[in-house]
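*Asks:* One letter stands for each residue in the lines below.
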Amino acid sequence: MKSRIVFAFSAIALIAAAANARLAAPDVADAVILEDGLPRTLSDFGFFIDAAAQVPTIGVKSYQLNTPLYSDGAEKLRFYYVPTGQTITPDGENLLQLPVGSALIKTFAFDDGDRRKLIETRVLLHRADGWLALPYVWNAQQTEARLAIAGKRLPVTTPSGEQISYRVPNKNQCKECHGLNGEVVPIGPKARNLSRDAIGEMVAAGLLDGIPQGTAEVPLWSNREQVSAESAARGYLDVNCAHCHRPGATASNSGLDLRWEQGTASAIGILKRPVAAGRGSGGLEFDIVPGKPDQSILHYRMASPETGVAMPELGKSTVDKDGVAAIERWIAEMK
Amino acid sequence: MIKLNRACLAAAGLLLVAQPAFAKTTIVTAGDGAQERLQEALILAEAGDEIVLEAGRFSLTDGLSLDVDGVTVRGAGMDATILDFTGQQGAGEGLLVTSDKVTLRDFAVENAKGDGIKSKGADDIIYYRLRVTWTEGPKASNGAYAVYPVESTNILIDSVVVSGASDAGIYVGQSNAITVRNSIAQYNVAGIEIENSRNAVVEDNMAIHNTGGILVFDLPDLPVMGGGDVTVRNNLVTTNNTPNFAPEGNIVAAIPKGTGIMVMANENVYVEDNLISNNDTAQVLVVAYAQKFSDERYDPYPRNVVIGRNLYTGGGTDPQLPGKDMLLAAFGGALPDVLWDGLSKEGEPALFAVEGTRGWSLNLPEQGIGLDKATPGPMIVSTPPQGERNCCTGAPEALSARIAG
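Going line by line, the protein sequences match chains Z and C.
If you read the first sequence in our numbering, its first letter stands for residue 3, the second for the next number, and so on.
If you read the second sequence in our numbering, its first letter stands for residue 41, the second for the next number, and so on.
One or more of the hints may lead you astray.
Now the in silico label distances, taken between C-beta atoms and shown as ranges [stated by the list, open to error]:
#1 Z/88 - C/244: 57 to 67 Å
#2 Z/335 - C/410: 29 to 39 Å
#3 Z/141 - C/442: 56 to 66 Å
#4 C/358 - Z/70: 52 to 62 Å
#5 Z/285 - C/84: 34 to 44 Å
#6 C/265 - Z/285: 24 to 34 Å
#7 Z/185 - C/442: 48 to 58 Å
#8 C/244 - Z/285: 43 to 53 Å
#9 C/338 - Z/132: 51 to 61 Å
By construction, these hints were calculated from the structure, which means they are not laboratory data.
For every residue, glycine included, the Cβ atom is placed at its ideal position computed from N, Cα and C.
Starting from the given sequences, assemble the full structure and let the hints guide the process.
*Replies:* Below, the structure written as structure tokens:
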């Protein structure tokens, strides 16, 4: 009789331990990624063991980019999730093809005194009918992020000490950057701009069947002063501008194509006249005048803090001084 | 009985066609949180829905956008419902539409930081009874375009009022099947501009107090090239003598004040039955693209521009041209109504004009050089060729039907 009680106790302990383990490392809620509807909270997805500390669950992996998008100096924590048993397909100069059921997760944070404050987490969900982009805004207690479909403005102090009204994009604004030929697509995970570590991990995990070949790698932004001015600048423009300034995307009508692989001088703005710049032209005649950054509209708009002039139009409210410097160096050296 | 049931079913089917099954109306009021409430309504809308903006002033902090097909956004009138972007902190335009079959009607957009209302890749769109303006009048710091559809097919712009745009009040670019009618464009750099577009009708509009009234342009280095098939008729184009306030670098910054109707490059453009008055440089200006270019797809010459019967009064008395005094003296105090740069593509005449059209030519020897090479003289062109004209139907009737009644 006694032994049976012991057995019963240990069975309960075992179940409890298993439950704790599940609690510690939840499974990603595949159904929530896949099903129609707009999940109201970030925790619905189960991407994190400890969301406030940004500790991902099993199957959700962090990654870095060689040259990142400028977002007012926010710290950005990037993760991807691929459903169990599925793989990623490389596609040359294009994005890695992530299978249906995948998700990309990016959290934006700023230092707030001596601690890190999470502001928003943007998710891209690969559903059967395409990708869906949704923004989630963190509460003050940092316990949960809720869907903010219409976006939000929040006061933030940037690392350089500027007080800004930080803009969380609304769902449509997500698409303004992520739209290509009417579809929502990821922007970041192109083989040429994924850190070699991230690609190595994908290969090691069996997600990718080899390191994609035949694409020139975008340089590390931290090496921008060591690599050629052209390489640093073109990498920067590819990552920060080309999701809109390319055929089929939001700024296609400008005729400016800032993709890494674009080789035609006028297409990347050299001695190209503006089309619909309005006061964004700054009284200048060409997007890029070789040797003359101060006469180049591209430089003028990047260096302007003013809404209606500043580029990019979305995703930042401050000037990226390092980015401007890289462009300045490139144009100054250009013959 | 069976027959009756079938008839009922048929009727029900018709109703479904006329009214999508789950179409709903969402009412948005001005006041606190208008930015989020209105944007949320625009995002959560479904095809067939109507978003009703009640009368009032909506103070907005960011650009708005609509990306759902088949939605109508309806205000209480262009003087009653005002989307006020004076405090806008982000985005490149007031309202952006990126979906098809959208109707925008009966509201105003004021002081957007960039463009007023832009629609891109948005087919079958209607802009109806809208007012889009910058309230401090002509200023270089105003947004470029008030109404700005681009890269779209089937566009109807009807009964809109635009003012203060530092580029064009109504600008249609890189599009196809376009009608702009019954609208008023005033105190813009360009009143109405059709650029790199095909099959456009611009009729029954009033362009007044702009730098240039109505412009039909074709430019190089754009994704969509080869503008043409444009009719400009029954418009009142008057007193477009406002000093040019476009920021340098923009193509319209080169438009001389006092330009009535201007055609640059393009093919098959018909200018007829307009009342064109008191435009101090040129009532009608027809020119080749004046800059150097490298785009091999581009044809810089106007081809088959037809100046039909128009009524001209006044004008040409204060031309913004080099040698103005000599010119005025030579022409007896006022320049003739039509000014042509004299350039034609070989074998394709640039210009035809009905008999009695008073014109003069700069007789430029080649494209891409300055006005100092001009040797002014009479405009010598043929009368328009006779025969059927297979051109310019504008937006399809189905669009008009959507705002009928």
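*Asks:* Can you give the numbers of the hints that this structure goes against, from lowest to highest?
*Replies:* 3, 7, 8, 9
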